[in-house]
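Asker: These protein sequence lines map, in sequence, to chains A, B and C. All residue numbers for the first sequence refer to my numbering, where the first residue is 3 and numbers rise by one. All residue numbers for the second sequence refer to my numbering, where the first residue is 7 and numbers rise by one. All residue numbers for the third sequence refer to my numbering, where the first residue is 108 and numbers rise by one.
Hint data in this document are derived by calculation from the structure and do not stem from the laboratory. Since the model is a prediction, treat every value here as computed from it, not as a measurement. Keep in mind that a hint or two might mislead.
As the list claims (entries may be wrong) - Every beta carbon over 10 Å from chain B, so not counted as near; a handful from chain A, in silico:
| # | residue |
| --- | --- |
| 1 | V24 |
| 2 | E38 |
| 3 | D43 |
| 4 | C65 |
| 5 | H68 |
| 6 | T76 |
| 7 | A81 |
| 8 | L82 |
| 9 | P83 |
| 10 | R86 |
| 11 | G97 |
| 12 | A101 |
Stated by the list, open to error - No farther apart than 25 Å at their CA atoms in a straight line, the calculated lysine-lysine pairs in the PhoX-like style are these:
| # | chain 1 | residue 1 | chain 2 | residue 2 |
| --- | --- | --- | --- | --- |
| 13 | A | K75 | A | K7 |
| 14 | B | K103 | B | K113 |
| 15 | C | K511 | B | K374 |
| 16 | C | K501 | B | K307 |
| 17 | C | K372 | C | K395 |
| 18 | C | K254 | C | K511 |
| 19 | B | K171 | B | K151 |
| 20 | B | K383 | C | K414 |
| 21 | C | K254 | C | K501 |
| 22 | B | K40 | B | K62 |
| 23 | A | K80 | B | K265 |
| 24 | B | K40 | B | K69 |
| 25 | C | K254 | B | K374 |
| 26 | A | K80 | B | K70 |
| 27 | B | K36 | A | K75 |
| 28 | A | K80 | B | K374 |
| 29 | B | K144 | A | K80 |
| 30 | B | K103 | B | K118 |
| 31 | B | K70 | A | K20 |
| 32 | B | K36 | B | K118 |
| 33 | B | K70 | B | K96 |
| 34 | B | K40 | B | K50 |
| 35 | A | K7 | A | K80 |
| 36 | C | K501 | B | K383 |
| 37 | A | K80 | B | K103 |
| 38 | B | K118 | B | K50 |
| 39 | B | K96 | B | K144 |
| 40 | B | K40 | B | K151 |
Just so it is clear, CB atoms sit at the ideal spot from N, CA and C, and this is done for glycine as well.
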Amino acid sequence: MAFEKIGTKSDIPAGTVKVFEVNGRSLCVANLDGAEFYAIDNLCTHDNGPLGEGTLADGLVECPRHGARFDLKTGAVKALPAVRPVRTYAVEVDGDDIAVEVE
Amino acid sequence: MTTQNAGDIVSGYKYGWNDPEFRPVNDAKKGLNKDVVSQISAIKSEPQWMRDFRMKSLDLFEKKPMPKGFWGGNIENYPLDFQDIYYYVKPMEGQGKTWEDVPEEIKRTFDKLGIPEAERKFLAGVGAQYDSEVVYHKIREDLEKLGVIFVDMDTGLREHEDIVKQYFGTIVPPADNKFAALNSAVWSGGSFVYVPAGVKVDIPLQAYFRINTENMGQFERTLIIAEEGSYVHYVEGCTAPTYSNDSLHSAVVEIIVKKGARVRYTTIQNWSTNVYNLVTKRAAAYQDAVMEWVDGNLGSKITMKYPSVYLMEPGAHGEILSLAFAGPGQHQDAGGKIVHVAPNTTSTIISKSISKGGGRTSYRGLLKVYPGAENAKSTVRCDALLLDEASRSDTYPVMEIDEENVTIGHEATVSKVGEEQLFYLQSRGIDETEATKMIVNGFVEPIVKELPMEYAIELNRLIELQMEGSVG
Amino acid sequence: MTTSANAPAIAEATIRELSQQHGEPVWLLERRLAALRAYDAMSMPDPMDEEWRRTDLSGFNLAEALSHSEAASIERVAQSLPAGVTFGSLNEAASKQSDLVQEHLHSLVKPTEWKLAALQAASWNDGALIHVPRGVEVELPLRYLVKQNGAPVFSHLLIVAEANSSVTVVHETTGQSAEGYSLVNGAVEIIARPDSRVRYVDLQGLGEGGAYNFSTVRAHLEQGAELSASIIGLGARLSRTKLEVSLEGEGSHAELLGLALGDGKQHFDYVTLQDHTGPRTSSNLLFKAALDGASSMVWNGIIRIQKGASASQANQTSRNLLLSDKAKAAPIPVLEIEAHDVLQCSHGASAGPLDEEQRFYLESRGIPPEVAEQLLVEAFFREVIDRLPEGIDKDALAERILAKIGALA
Chain A
3 MAFEKIGTKS DIPAGTVKVF EVNGRSLCVA NLDGAEFYAI DNLCTHDNGP
53 LGEGTLADGL VECPRHGARF DLKTGAVKAL PAVRPVRTYA VEVDGDDIAV
103 EVE
Chain B
7 MTTQNAGDIV SGYKYGWNDP EFRPVNDAKK GLNKDVVSQI SAIKSEPQWM
57 RDFRMKSLDL FEKKPMPKGF WGGNIENYPL DFQDIYYYVK PMEGQGKTWE
107 DVPEEIKRTF DKLGIPEAER KFLAGVGAQY DSEVVYHKIR EDLEKLGVIF
157 VDMDTGLREH EDIVKQYFGT IVPPADNKFA ALNSAVWSGG SFVYVPAGVK
207 VDIPLQAYFR INTENMGQFE RTLIIAEEGS YVHYVEGCTA PTYSNDSLHS
257 AVVEIIVKKG ARVRYTTIQN WSTNVYNLVT KRAAAYQDAV MEWVDGNLGS
307 KITMKYPSVY LMEPGAHGEI LSLAFAGPGQ HQDAGGKIVH VAPNTTSTII
357 SKSISKGGGR TSYRGLLKVY PGAENAKSTV RCDALLLDEA SRSDTYPVME
407 IDEENVTIGH EATVSKVGEE QLFYLQSRGI DETEATKMIV NGFVEPIVKE
457 LPMEYAIELN RLIELQMEGS VG
Chain C
108 MTTSANAPAI AEATIRELSQ QHGEPVWLLE RRLAALRAYD AMSMPDPMDE
158 EWRRTDLSGF NLAEALSHSE AASIERVAQS LPAGVTFGSL NEAASKQSDL
208 VQEHLHSLVK PTEWKLAALQ AASWNDGALI HVPRGVEVEL PLRYLVKQNG
258 APVFSHLLIV AEANSSVTVV HETTGQSAEG YSLVNGAVEI IARPDSRVRY
308 VDLQGLGEGG AYNFSTVRAH LEQGAELSAS IIGLGARLSR TKLEVSLEGE
358 GSHAELLGLA LGDGKQHFDY VTLQDHTGPR TSSNLLFKAA LDGASSMVWN
408 GIIRIQKGAS ASQANQTSRN LLLSDKAKAA PIPVLEIEAH DVLQCSHGAS
458 AGPLDEEQRF YLESRGIPPE VAEQLLVEAF FREVIDRLPE GIDKDALAER
508 ILAKIGALA
């Protein structure tokens, strides 16, 4: 596992989430409020919906397909119909750079 | 009141009359748009977060396509003009705490339906909804003292905002499907039930829903929370006048059954045959919890309803008992979904459907077992009875088994009334119609016996009426 | 991974050349070209489509599959052929028995069903016509062998059994464990005339690594006809078989058997249809799958009893044995009943692991665990093997199945 740089803070406006391809994995990285960044799989555990196209609110990301919600920090499910948590990845913020820890 | 609709006399539907003298207290207009939604929220004086929730849901509703594919059923055969519906019709100012408080015309309706009498005789609490609002609500004092909350959803939001905010939309998010989004935007009425830990409500709580206005849309929203070790049985019944134009009933029911608790939710749906009944009902059952859906579908033009149980933690048990009767021109597309998420969970689905005079019943179900849900045990049994040549029955059970150590079984049969059975009864002097009724009663008995006695009697009567209706 | 909608292109010249090579009649060339146009116009299925949701085609690279060129081989083997029976190349039959072929070829399996059906209809080569004249009984099985060597195989087997005839056909597909993608794309059409008896056994034993098998088997039964169709799936990375029977003739009957044994990353996708339109028709289906490793299966089985199919009966049963924690099964038995006076109509589906008690019993008698497991899997399939039609070499078939059971991880 190593930290791979995926972009800069300005790539992800505050309150949004963006999709990045890292080492063959599709991840989405969310900018909670300008200071906190979180990375999770870009795949809803319910029906493979694109979490990266979802909306953020209260520290949760909502899948656009059926509305399942996940906690960005822990990956835990906060609203059905998803039942399994989504995988999370450690994020390192170094100045303006954002790096995510992947295999 | 108007005299009974000729079509109802033939079909035997006893609730098809309407109340032509009734006037709403708001300036009700047809159509759905941002104004209507924000008006509903304003009339109810809701907190900002609920207003935002409604507006966001309206947006989702407009973007989402009609359900399609497997869970879309045959909805495309039933076109809906969303702009030709009243989304909010307010029947009276405030809410009655006694039947005397309820306006005369409305009270007459409920008298005719037998509600006040039922309450006197055997209910622990009653909520009665007329078009968009709950006009009467009462809960037995002793239950109230124990901390049981049974109020209409508006009141729940107002008086118990924290609890509501914690759970609202977590079991059925607005984006779940187009009709969940619609309900989330324009919901009004419905029940909020909260049972504190360890409290067992021994007698059913009843909610009754009546549509009166033509071209009406009723969107009740119900949230039931059963804390650890509690028990509650919630019963809902619904009827509507028979109009030539369509009405829409699109409800959302969310239920949380916590550790060791048990919830039973019984529905006797008897909408008139101009109602589109499109409902999302879902429950999450936690450790050692039990969730039971008893779903009786007799009315409506088209019903699409699949009560679901998510078995989230070990020891949880889910049960769905579904009874559907489709008469001429009716399509009951019902069933249920059970999702085994945790190990050592169990479930049972029993579905009995009857089709008559061209009616069509479809069982549509999902049994899903996630990897890791070891030792899941489930039995599904669907039986369908075709009473005559014009009828139709379908069974669409989907099983997705992603775990090795499970015991999953599914059986289904479709048959007509057995000739030997008929012959046997007729040889004892019972005429064919009576004999058929007896056979049908025997067929549905496994489900009817789960109903409280008064409802069982009522349901048997309703089925009998349906069977008597329309000769040949 | 997915190529653009209409790619990869097949040159019209290739199809023309193929047709000319065999001296095919004009009507056949025209059909091939129409199919080619249909192929160009269609896209690969939408993965969100209800029919394809549980079958992951994303690993299949059509362009790559089409790029291989080692020839496949089709062999037609018959020990003795009674007079009047045809069992020869379909290309030849198109010229020699033109009317017969023109009437029945692609009458049941249509080129426009999906992209690969169009591809098959444009590119099929060699294949076989089995035509059994009135009243003739072919005792020994006719064997249709497809040996895949890397290049795509487009096979077509057309079976026409005239009134009162009887025939047994064994269709066997084998192939090496190919690296990369190899494609076997076939159609089987069975026309069973009044009171004929057709027994069809389909044994698929392609390489598990990269072979993709798409096959549609469709039968039409006339009055009193009887069909026994068995699909045995052992190989291929992904095998999708559609087995659909139209019981139109009064009193016709179909017996459908399926067996799938999966390991590694194999995926079996079966679609079956028992379509009853004629009165007093009957059908029975028994599909058993045992899944080890990370293999999976989905079975969409429909029984449809339409108005007019009075006094009919139909059953379908799907039994699934899960041998590992990564195996997955999705049996979806569907009933669509429109005829009121069905005699009897039912279905059942189940899924679960090996019976612990039975396993314990064997092990307590000194049988090593792996052997006990193999014995139980064999016992699980015994019911299907026993019900295979008479006349075929059941022992040889059982050997093939046992060999794979023995090789399970």
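Asker: Please name the hints from earlier in the document that this structure breaks, with their numbers sorted from lowest to highest.
Answerer: Violated hints (numbers, rising): 4, 5, 7, 8, 9, 10, 15, 16, 20, 25, 27, 29, 32, 33, 35, 36, 37, 38, 40; every other hint is consistent with the structure.
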